[in-house]
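*Asks:* Here the sequence shown stands for residues 39 to 218, where the numbers follow our numbering.
These are calculated hints, taken from the structure and not from any lab test.
Please read these numbers as outputs of a predicted model, since none were measured by experiment.
No false leads were mixed into what you were given.
The following label-pair restraints were derived from C-beta to C-beta distances:
hint : residue 1 : residue 2 : range
1    : Met83     : Ala41     : 23 to 31 Å
2    : Thr86     : Pro187    : 49 to 57 Å
3    : Asn66     : Arg107    : 19 to 27 Å
4    : Leu50     : Lys130    : 37 to 45 Å
Listed below are the simulated DSBU-like cross-link pairs for lysine-lysine, each with C-alpha atoms no more than 30 Å apart in a straight line:
hint : residue 1 : residue 2
5    : Lys90     : Lys124
6    : Lys166    : Lys191
7    : Lys134    : Lys166
8    : Lys217    : Lys191
9    : Lys195    : Lys182
10   : Lys218    : Lys119
Every residue gets a Cβ at the ideal spot worked out from N, C-alpha and C, and that includes glycine.
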Amino acid sequence: MNAITYKEIFPLIKENKMWLGNGFRAGNAYFSTPFAKEYGAGVYMSETGLVKFRNVCWFTNLDHGHRHRPLPLMTMEDNLKYSKHKEIKGKKAYDKYDNYDAIEVSFTDSIPSDYEGVMGVPISFLDKYSPEQFEILGSDYNIKEGLLPELVKLEWKGKLDRGYINGQRIFSRLLIRHKK
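Please take these sequences and the hints and turn them into a complete structure.
*Replies:* Written out as structure tokens, the structure is:
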């Protein structure tokens, strides 16, 4: 999954020239290898003789129906009230980045349907990405490279290597907004 953020890969995804393929349920892929027994418990599956790897995806430019399926979303108010994620449920508002003009959405299923601004989402969002529903503006790497200056808060004096919330560096994010 982390290959999504590579400078050679991400522009192709952003320009809809490449996307995630359909498959690998929950990001789990199983492979046969002559060295399978060398892997530890939970990775080597003795009942099948296969090795399980997580966070696996494949890239393609072959269209498939999965990428055009809109993601069902709740409103911001409903997410804050009913989310299954303790990091969101019961909060007054979504966290805002210290250095970007965007909100942090830590879980793809917590993207608010009614928010019109920029949202930072995990790279795993691409597994649910519909180009008809969302626009990919860039990534935090694009901000670091100076390609999205309009999102940088003028008062920010720290690093632009990633998004920060309350002074804490956040894992790599994609910056998206709704297409309406």
